[in-house]
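**Q** Residue-level listing of the chains:
Number of protein chains: 4
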Amino acid sequence: MATKRIGILTGGGDVPGLNGVIKGVTYRAHEMGYEVVGIRRGWEGLTHLKPGSTEDEKYLIPLNRDNTRTIDRTGGTWLHSSRTNPRKMKKSALPPTLDRVKAESMKVGEDRYDITPIVLDNIATLGLDYIVPIGGDDTLSYSRSLHDAGMHIIAVPKTMDNDVQGTEYCIGFSTAITRARAAIDRQRSTIGSHERVGVFRIFGRDAGFTALYTAFATMTRCVIPEFRYDVGHLAELLATDHAENSSHYAIVITSEGAIWEGGEIKEVGEADAFGHRHKANVAELLASEIKGRTGLDTIHSDLTYDLRAGEPDTVDVFVSKAFANIAVELIAGGQRGRMLAIRDGRYGHSRLPSQEDTAVSVDTSMYDVEQLRPRYDGLMGRPLMLGHSVDSMSSPFSG
Amino acid sequence: MATKRIGILTGGGDVPGLNGVIKGVTYRAHEMGYEVVGIRRGWEGLTHLKPGSTEDEKYLIPLNRDNTRTIDRTGGTWLHSSRTNPRKMKKSALPPTLDRVKAESMKVGEDRYDITPIVLDNIATLGLDYIVPIGGDDTLSYSRSLHDAGMHIIAVPKTMDNDVQGTEYCIGFSTAITRARAAIDRQRSTIGSHERVGVFRIFGRDAGFTALYTAFATMTRCVIPEFRYDVGHLAELLATDHAENSSHYAIVITSEGAIWEGGEIKEVGEADAFGHRHKANVAELLASEIKGRTGLDTIHSDLTYDLRAGEPDTVDVFVSKAFANIAVELIAGGQRGRMLAIRDGRYGHSRLPSQEDTAVSVDTSMYDVEQLRPRYDGLMGRPLMLGHSVDSMSSPFSG
Amino acid sequence: MATKRIGILTGGGDVPGLNGVIKGVTYRAHEMGYEVVGIRRGWEGLTHLKPGSTEDEKYLIPLNRDNTRTIDRTGGTWLHSSRTNPRKMKKSALPPTLDRVKAESMKVGEDRYDITPIVLDNIATLGLDYIVPIGGDDTLSYSRSLHDAGMHIIAVPKTMDNDVQGTEYCIGFSTAITRARAAIDRQRSTIGSHERVGVFRIFGRDAGFTALYTAFATMTRCVIPEFRYDVGHLAELLATDHAENSSHYAIVITSEGAIWEGGEIKEVGEADAFGHRHKANVAELLASEIKGRTGLDTIHSDLTYDLRAGEPDTVDVFVSKAFANIAVELIAGGQRGRMLAIRDGRYGHSRLPSQEDTAVSVDTSMYDVEQLRPRYDGLMGRPLMLGHSVDSMSSPFSG
Amino acid sequence: MATKRIGILTGGGDVPGLNGVIKGVTYRAHEMGYEVVGIRRGWEGLTHLKPGSTEDEKYLIPLNRDNTRTIDRTGGTWLHSSRTNPRKMKKSALPPTLDRVKAESMKVGEDRYDITPIVLDNIATLGLDYIVPIGGDDTLSYSRSLHDAGMHIIAVPKTMDNDVQGTEYCIGFSTAITRARAAIDRQRSTIGSHERVGVFRIFGRDAGFTALYTAFATMTRCVIPEFRYDVGHLAELLATDHAENSSHYAIVITSEGAIWEGGEIKEVGEADAFGHRHKANVAELLASEIKGRTGLDTIHSDLTYDLRAGEPDTVDVFVSKAFANIAVELIAGGQRGRMLAIRDGRYGHSRLPSQEDTAVSVDTSMYDVEQLRPRYDGLMGRPLMLGHSVDSMSSPFSG
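So the sequences go chain by chain: A, B, C and D. With the working numbering applied, the first sequence covers -13 to 385. With the working numbering applied, the second sequence covers -13 to 385. With the working numbering applied, the third sequence covers -13 to 385. With the working numbering applied, the fourth sequence covers -13 to 385.
Hint data in this document are derived by calculation from the structure and do not stem from the laboratory. Small disclaimer: the values here were computed from a predicted structure and weren't measured.
Repeated chains share a single entry, so a pair holds when one copy, or any two copies, can fit it.
List time: in silico DSSO-like cross-link candidates among lysine-lysine, alpha-carbon distance up to 27 Å:
#	residue 1	residue 2
1	Lys44	Lys88
2	Lys277	Lys44
3	Lys(-10)	Lys44
4	Lys277	Lys265
5	Lys277	Lys74
6	Lys252	Lys277
7	Lys77	Lys277
8	Lys265	Lys74
9	Lys265	Lys252
10	Lys277	Lys76
11	Lys36	Lys76
Extracted from the complex, chain A is given alone in its bound form (with noise of 0.2 Å):
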């Protein structure tokens, strides 16, 4: 079996459980006798590299046992992550390198830059043979623009939203919600002193899985952006549970993308000196209206980078692992352009999200919207962790 040269990274927001992939790959990689390199700050790492080079310290680190050993007890990456996408680079944002004339000829749009033939020349440098990326629908959908080129990629899915089509469970999802769990169990002692409503803002602009299965777990009411919703209605709500409740107290969660009918989260004060006005945020506001409409103390509380903070739980150390060692399989077995995945509440594989795909979202099967709080009914059939199930049979995943 000849040696493998491997590139791996991380794109997007981190969440715990990156450094578990990284060090499962190198470990297994090495027992395969193959190399890993890891390359640093995401998909900038491949259009900042110095050109021709192989060893800027900036963007490249070989991997080893040593050096990834003790890597996955914390959370974040250790090779560092960005948002950079070569196909839609600012001029602004284009590596200072990068020849103006030459840059001109990968113009795409206004002010848009697709500079795919940079990353394809600096993997040629490096010499790698498979790139492992690790993230969302953003950096995954980019590596089905370089599979498309004919670079072999074997991706792997992670995101606190768990929306990425094709798989069941996305690394980040349950660490997220343990997270999310802890601090609100800890502050019912403190709304409850105060007789009040708390009003929790969880992190997911287009989906609401974070905050649902929070509030499936705590069993609280929430309210998430598939759903537009009569505020009116979840104050009643809420008064009946403040007065239901022996300790009488109530709990909403909202996620940061979720507005009521009529509500509207504006940009508020003036510009300051750069330029930018401040958005409102929507649990301070909620938690105005539902003091407004009940008479109730109010106190509003947000979730949001703690809950992609601190060490993975034990599904995502599971996962973790799990998908690394499944990736350098799929490796050794020659396949290409396969996400890992849950499906059917199994480890698998699927095929890579397209720019086409639509993130999954919640839907009326997981959500009551009369009662503005997770179904508890029609259980049977879901995943262990809870969402959709990907049927292995019908999916245009498969295959």
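Fit chains B, C and D to the known structure of chain A by using the hints.
**A** Just chains B, C and D now, kept in the frame of chain A:
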């Protein structure tokens, strides 16, 4: 729809998540207009209940939203538990209210009484339409006897060992690994600071799943009851780990029931005043062997009751609430003789375990008998939480 | 020794440790043969009590070993709390049972009523020999009024800000730092993975102790209400930290009340339907300033209610139990008008705070106004938990 | 001001907080323009250093901001530790590079060598102006020998047992209690669910402080090495606790060195192949005694290495950073022969402990020999973290 009266009880060792099932069943049943009676101290509640009483506070508590509202935030079982098996009672354990003559009619062996008739009397007195027993093999296989006697049973599997037939997951398994992993990761600093070999002992007389998957998560060696091993070989592997680790330490996990070839867990010391002799601690013996063979400093650390302590982790929160809700739906649908289960990675149900079913055990597809560690290859097709999968097509648990 | 009847209440914001005081007083008092009555919802329990009632369950609960046994394992206050100050009631907040004419006789200013006579009546009805109020400046200075009116008071200081005069330590301070430190250390991985500047906001409108000593523990920059600062200078310091840190990130903690020179926390946006306008979040504004000045990516994270949530840490467990037991000993000894305290690093007591006492604040011996961080020099002679020491020789709190 | 070269080392058992001292000394020393050399593996670093070497990587590491930046977030000691005492070396432990003849000249007893001259040679080779040893009685009293030989020493006390003379607090004590408390509180649910008596064993052969103050915090019984006890009386107390607790359980903590009257911790079993016999576990023996005497079900649980594992708690973070900074100030001020200390509840320093100093131990002002539990009375005047206070006026440690 006529109302129903549901009895719920917990038997055997407690695990985090039991209270989530109790609360979940109570909440959902009340939504459906059913009554729920908590039976205290496992099957003892149905053997020792004051005859004819429906209000014996020692053994009965009506459950409602108010008294179960906060119980799911802690481990243990709010209903308390016992290891009482009504089919195998010793004379000394018979209910004091039981008539001696009547008792002798139930004698089934040398100091062994099957007082199932008492249990059935008490069920009749309480007017229970359904019993929801939550437990492991012992508790559930007794419920099978009641099922055979015509009682309506919907059972919920729990056990830290994850070794109940017919389900890929039992409540408590993930939390046990969460606790074990946390303890081992915490103790790495002290083991490393002194350049030691750390030997961790984990509950598990017959099944090695908890030790195995803790080792998987922490990437350490492990020895388990299913496979006798060569202690000299283990010592060599650990000495190599110790030498190659840049912080100069090594870790091995031993199930309490794992013995090396030629090894034996003796009773040690003289009997105490009450006639008890003490079993040697396998971790202590193994640590001593390793020290003797390698010259390395060793410590041994017991991870026992802590693995079943504290609040449930996210998996056990999800599974306990899902099992509870599906259980009530099965009751509403008139099903009987079923055990909640994860099958093919999804929520479903199986037939009740019987006494003839053998517990599940670790096989060589999961455990590397050469390296004395979990296998990281061949994970494709495994359930999310690893271990065996229950094939819905061919299993005797279907139908 | 005649028996005594002790009333206990908690006022103002809750902190972990309050329940430890309630339990500790109850246990110790019962050992001494005293009765303990829990007064619910702070001073509101003594203003809104049903006139003449000794059994108003909304506001009274007899305390004993059984009902306080487990309360010290969680945060919050089992007696609930309010911000009611009987000396400064608004008309709309007056007890509904209060006669209008009588009320007018207690008017002391524009929409301001001092209903201390009602409080004294209720104390008489309840037959209380002693009141043990647990609270911060507001709660305790009202107890001083009762003391001046002849009531026997032994008070216990609590506040996350640690700014009560006459004691080196207030219950809740250590736990707040424990929580803040944990959150910041968890979030380092996400801040570092994206090479950002993290801005953490911590409760504290007037006193910067919590921000300061969290910064001390985490070795980060901080800005506090006591000192206006040059935001350009802060941006430069953070840019340097960011450049010199091998993981390329930097952290600053801001008290919610810390403003830079020329800065202002405006109300932003239009008034909502209830007439409220929202205050800008100082961390968001500061993050924006730093981004504008340095070009570095920034995030802001709020550490607010979480700091008063969850179980008490070891310091707050020790102090709450010790204060409780000494409080009962002071009662047994017939002392009155005293507040429990740490003085010279030891358990002791001071006179009750009065409205004239100014809160303690951070000075330049603790805070480095050049480096915008805590001082690490000159710690000799400070109390174990740092901050000011209360000199038993010269303080007005002695005697 | 001339530069200084400081050696720093950690000896004996590790505790959380050691790395905070190492980092704190390094940061502060660098600000002052001093050099810091990490000496690895305690005093072994100064006995086994390659003779004449200033670059022996096994035993030396130059410390700077970059390599100590993150070490304070974990327990253990980044410099590793050993129990080497250069004054009491066995022949088999002598450095292999040591000339046999020279060695014999240092023989001070039966298989006992005092190789302090080697240590002094190595110190001279390394050009150290100061040594900062961090350790307990053994480590510190050896530093006293070096002090007597003219070396400049500023020592830092650490020990889980909090029993070093001359200071009210040793690093590691609070974290040990934090860990023990968490474990006991977690295990309450399993002990209660089965209505058991839980026996917890805690490190402490000679001093009972850790057991005592864990019992104080958890309000449980405890038995300690300082006082032999009547095991029948203990059994009765626990049976009463069990009966009176509404959840029917009881807890006792035993120091590993606590023995009842007539009790004995025997070596048990036959010697293994390496000649070791095993000591019986005191918790197991005690649990068996209690079961025999009361008929109650018992469990025993060992809290040993976990108490010195994990990150330091807030007290140990504060104290480690404060001790480190004051240590460097003492060095800058030319002081020598001092040990950092908490005295009268404040940061200060004492003379170095000597071999003649006896360890501090628990007395009857802290321990209730009738009730077999901590005393909750007479706490007035105790230091914040309880225990003995060191009176700065009269102590032999002053001056």
